Structure formats: C-alpha cells, structure tokens
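Number of protein chains: 2
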Amino acid sequence: MSLLIVGTMAFDSIETPYGKVEMVIGGACTYASWSASYLTDKINMVSIVGGDFPEDEMETLNKRGASSEGVEIVKDKKSFFWAGKYHDNMNSRDTLVTDLNVLADFDPVLPDSYKNSEFVLLGNLTPEVQIKVMDQMTTKPKVIALDTMNFWMDIAMDTLKQAIARVDILTINDEEARQLSGEYSLVTAADKILEMGPKALIIKKGEHGALLFYGDKKFYAPALPIAVVKDPTGAGDTFAGGFMGYLDKSGELSYENLKRAMIYGSTMASFCVEEFSLEKIQALTDEEITKRLGQFKELTQFDL
Amino acid sequence: MSLLIVGTMAFDSIETPYGKVEMVIGGACTYASWSASYLTDKINMVSIVGGDFPEDEMETLNKRGASSEGVEIVKDKKSFFWAGKYHDNMNSRDTLVTDLNVLADFDPVLPDSYKNSEFVLLGNLTPEVQIKVMDQMTTKPKVIALDTMNFWMDIAMDTLKQAIARVDILTINDEEARQLSGEYSLVTAADKILEMGPKALIIKKGEHGALLFYGDKKFYAPALPIAVVKDPTGAGDTFAGGFMGYLDKSGELSYENLKRAMIYGSTMASFCVEEFSLEKIQALTDEEITKRLGQFKELTQFDL
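Listed in order, the protein sequences are those of chains A and B. So in my numbering, spot 262 of the first sequence is number 364, and the numbers just go up one at a time. So in my numbering, spot 103 of the second sequence is number 205, and the numbers just go up one at a time.
Source of the hints: derived by calculation from the structure; they are not laboratory data. There's no promise every hint is true.
Same chains, same names: a pair is fine if it fits in one copy or spans any two.
In silico lysine-lysine, DSS-like type, Cα no more than 30 Å apart, as pairs [stated by the list, open to error]:
#1 307 to 320
#2 319 to 382
#3 393 to 177
#4 294 to 122
#5 180 to 382
#6 382 to 294
#7 351 to 399
#8 319 to 301
#9 399 to 244
#10 294 to 393
#11 307 to 393
#12 307 to 187
#13 187 to 382
#14 320 to 393
#15 187 to 294
#16 351 to 301
#17 301 to 144
#18 217 to 187
#19 294 to 263
#20 217 to 234
#21 319 to 294
#22 319 to 399
#23 319 to 307
#24 319 to 242
Quick caveat, the model's predicted, so the values are computed rather than measured.
Input sequences plus hints: build the corresponding full structure.
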C-alpha cells in the first residue's frame, strides 16, 4: 500500500516547564511521516518548505521510505515557523509567533506517482488545500482521513464541511467536535458529525486519550500515563501518522483493525511527548514499540 | 463477606443545565450503599441523620441488605444539607449551601455486629471520624478504602496522612493527587502516594474515567460516553460503592479482580449520572447492569 501525507514541514520554537528549544524541526507532515515510517514503508509526502529547511532532515525521511517528490522547495523563502509556550499544566499553550512564510503560497501539485495512493492523511491546513489534494487523486483512495482545527471552523466552515463530506475519517479534539456539531455531549456531537459524511470520527482528548466513533460503536484508546511529558507538540500528528501508517501496512478496514490502529497511534504519540520536538520519535526501535504496545494492553485489558 | 460503608446520608438541592431538584436524597453513604446493593447483600451502613430523613428511604435500603443499625437518628435535628449548581460543562460546580446540621456532631459508634466487617469504605468525612471507625474494628478488615477531598488536605493534612497510612486503597481525583503529593505528573504523584501506605491508588478523572495504580501496574477504566449526563452528583460515591461491592462479593484481592472491580464501579457510576439524584440507581435491573458491563468491554477491548 502507500500513504499520502499532506501537511506542514516547519520550524518550531517551544517552551514548556521542562525547557526551551529554538528553531527545531516540526510540522504535521514531519511528525506524521516519522510516526508512520515505523509501520509502513511507502509514504508520499506533500508539503512546502523554504531554502532554510535542512536537506539532511529530508534525506533521513527519504531513507525511511518517505518520498519528498511532492515537497516543494522555495529556495529564496523561509519555511513556516511557529513559536509557542505551554502553561504549567501542559494542557493549554499560547502561540507566540506564526510566520506563514512559504505556507501562504501552498498550492500542492501531486506528482503522478502519488495519485493512486490508497491511504491519504490530510493534515491540518486550509480546507481549500485539503480539497485540492483530493481533487488530484486519480484512483479513489481506500481511506481518506482529515485533521482540522477550530480556526478553520471560525473562518471557513462551509468549505470545511465540503471537505469533511468527502472523507472517511475525521480527527478533531473534543472542543472542536462541540463547535462543529453545536452539541455539548460528545455522543450526540459524534452522531451529528457522522451524518456529515465521515464513516468514523476520532475525538482527540490529549492526556485523556482518544475516542473512536464508528456507526453506533465506540472505542476508547487512553493515553498511556507518562511520568514526564516534556513537550506535547506534534502528539496529535504523531497519533494520526501511527493510525494511518498501521492501516496502510495492514490494508484492512474492519472495525477490529481500526481499533488496533487507534492503539498504534496512541503508542506512537506516547513516545512523542517524552522529549522535545522529534527527538524521541526519530530514534525508536521496534523493540521499544512492541514493549509499549504491551503496556497499552496491560493498561486496558480485563476479563469479566 | 460484609461491607461497612461510612458516609453522609443527606438532602441535596441540585441545579444542572438539565433541570433542578430540591431536597432530594443524597449523601456518600446513600449513593455507595445503593450501588453496592446490586453486587453484595451484606452492607453495614454508618451515618447520622436528623428526624427529617424519610423512614421509607431507610427501609428500602434495609430490604436491599443494607443494615442501618449503625445510622444514628437525631430526632430533633436536621440532616446534612448540600445545595450546588453545575456549570454548563458539568465538570465544575458551585456549592451554594452546606448546612452540616447533625453532621457537626457525628461521632460514629459501631454496632458490635459491624466490627468484623471484611471490607470497609470510609466515605469523604473528617479524617478524625475515618480514624475513629478504623479504631473500632475488632478484626483487621481485608480491605479498607478511603475517599477524601482537597478540603481535608487544606485544613487537616497531618491527620489525613495518618488515616491514609492505615488504608489499603485511596480514592481521590487528579487535582487532589497532585495536592497530596506535590507532584504534577500523575505517575510520579501515584508513586509518592503509594509510599504513604496504601497498596492501591484510584485517581478519579470524572468524565475521563478512573486510573488504578497498584505497585508499578496501571489500569485505566474509562467513563462510558453517555449521551445525556443530567447530574454528576454522587458519581464518585457510586463508583466507590460498586468497586467495593464487587470486591466484597467476590472476596478475592488479586490484581485481576481489582481491575474487574474498577469496571463494576465505572458501570454503576455510568448509570448514576443519567438521572438526577438516586433516581436511576434506585431502579436498575441485573439485565441492565450486565448489558452495560458488555458495553465497557466493547469500549476498551482489542486484539493486537
């Protein structure tokens, strides 16, 4: 199979109670591709970077099976930059800087070799860009997942709903599910959102895990309790990359497999938050992943 | 086996976005006893009420196997009264009235028939009262569980720690675990709290479920996503009653059984919040409970 991932590749400056890093590599496409690369080996990245994006970072991803043929490099401009500071509880953060730079001109053109990707992950971007990517697929993908945020609900709800109507899986957080549906109860919100088109809704609840709604079925993947969460940046993208990477590897779309994908996504995200930036998820071993999957089993499984 | 439950029996006036009820029956001992009564049939209640507490409420509990021999009735005084209003998100509430009434004089004297109860649930009360109850046991109970809150940490931390040192299981919420341990990370907080004496710590996370820490083991019982949460009052006590009721019924203290008890407690709590006051948990059938246990299995179980 093959997994197309559209999203930002960027620089981040991040401050948390555990420290501060400046101009480190970030971006949804980067986090999701790294995460997926442990599970599948045919990743088609679609993004845009400036001349300042390190070539060796791209090459490392290439070596892990992530093609950058769809990553536009604008030599005389800068990459997208985000700076943020997390509050003491790590559940909220202030955005200090958002420099769109090259992202302002992002108009993705898919290489021909990408156009029949079976799995598609549309990272959080303008809904117009997400639709443009779907429009360029020549073969109907087996699964399209879309990630978005409240910002697009505020300024482009109609276009966003058009995009959502075309995807199989939507990933948003609990507040966004409430905003999108106008319902406070997550169960009622999920019912309404599934009527908008997607077959599945994943509600991300940060340190509390993630909920999968699929028809009238519900599955809860808790977050693994972590002793020290150093930096939550990218955890949602790492979850999405692990989730889609697992689906792409297995190629199977049963509900049982979606549940397994939730656990793989949560496993990858649990590593992400343990160190700043990509530090931890750039250096994992299969043994570590297998061990952590076992911890998820221990955390959740019981016999009645 | 037999389960001793100490706690308030009270009147509540409750307002939530779904409605308002005045002077309904509440109290930790009431909720916990009702919950436990579906799982075990030998409950020893210890509480204090005024002459205004309805006799038929007590009789209904008696018929379900909950002895009120240890409930002191002060005929010329009023029962404990609490009034609260929940915010729109149901996760926080304002206390409008707390009239201690008879509770100000609560000095529990255990009937002889209670003193060899194998399981003991010390509901949220002054740590002095919790200690007095433990002091009166003539046979060492198999399990003592203690529930408490930030209020006692603020005004009686030393006595509270003496009580905690003597119990097997402590149940508190996430903020209280942080306050008690001085640690933000729940994993580190749990390590410190388990060093204070208890063998197990249950961290209640409201709509996000509950975490069991036992040695270096962790188990997560999510809350079942409920379409309409009408009134969260008593959910924690209902959880505790279900948890201890299951342990008392089975009499087995293995880790596997503690996990099952977590699921039984969560199941009972999921009913509690669906209606105001005790309305739902006074009218359950075994079939409803069995069905909901199955829903918890569906919500959490997967194969890797």
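Identical-chain pair category, residue 180 with residue 382, by Cα at 30 Å:
within (26 Å within a copy, 60 Å between copies)
Have a look at residue 319 and residue 382 and pick one of within, between, both or neither, based on CA distance no larger than 30 Å.
between (33 Å within a copy, 24 Å between copies)
Please work out whether the CA atoms of residue 319 and residue 307 approach to 30 Å or closer within one copy, between two copies, in both situations, or in neither?
Answer is both; intra-copy 18 Å and inter-copy 23 Å each pass.
Within a copy, between copies, both or neither: which one fits residue 187 and residue 294 at a CA-CA cutoff of 30 Å?
Between. Shortest inter-copy distance 28 Å satisfies the 30 Å Cα cut-off; intra-copy 34 Å does not.
When no copy is named, should residue 382 and residue 294 be tagged within, between, both, or neither for a Cα gap of at most 30 Å?
between (37 Å within a copy, 27 Å between copies)
Within a copy, between copies, both or neither: where do residue 319 and residue 399 come within 30 Å Cα-Cα?
This pair counts as both: shortest intra-copy Cα distance 20 Å, inter-copy 12 Å.
Go through the copies and call it for residue 351 and residue 399: within, between, both or neither, with a Cα cutoff of 30 Å.
Both, since 21 Å and 27 Å are each at most 30 Å.
Taking 30 Å as the upper bound on the Cα-Cα distance, should residue 319 and residue 301 be classified as within, between, both, or neither?
Only inside one copy: residue 319 and residue 301 sit 11 Å apart there, 35 Å across copies, limit 30 Å.
Evaluate residue 307 and residue 320 at a C-alpha cut-off of 30 Å and name the case that applies: within, between, both or neither.
This pair counts as both: shortest intra-copy Cα distance 14 Å, inter-copy 19 Å.
Tell me, please, which holds for residue 320 and residue 393 at an alpha-carbon limit of 30 Å: within, between, both or neither?
both (26 Å within a copy, 15 Å between copies)
Give the relationship of residue 307 and residue 187 under a CA distance limit of 30 Å: within one copy only, between copies only, both, or neither.
both (20 Å within a copy, 26 Å between copies)
Within, between, both or neither, where residue 351 and residue 301 count as close if Cα-Cα is 30 Å or less
The answer is within: 20 Å in one copy meets 30 Å, while 42 Å across copies does not.
Hints 3, 18 from the list above are not met by this structure, while the remaining hints are.
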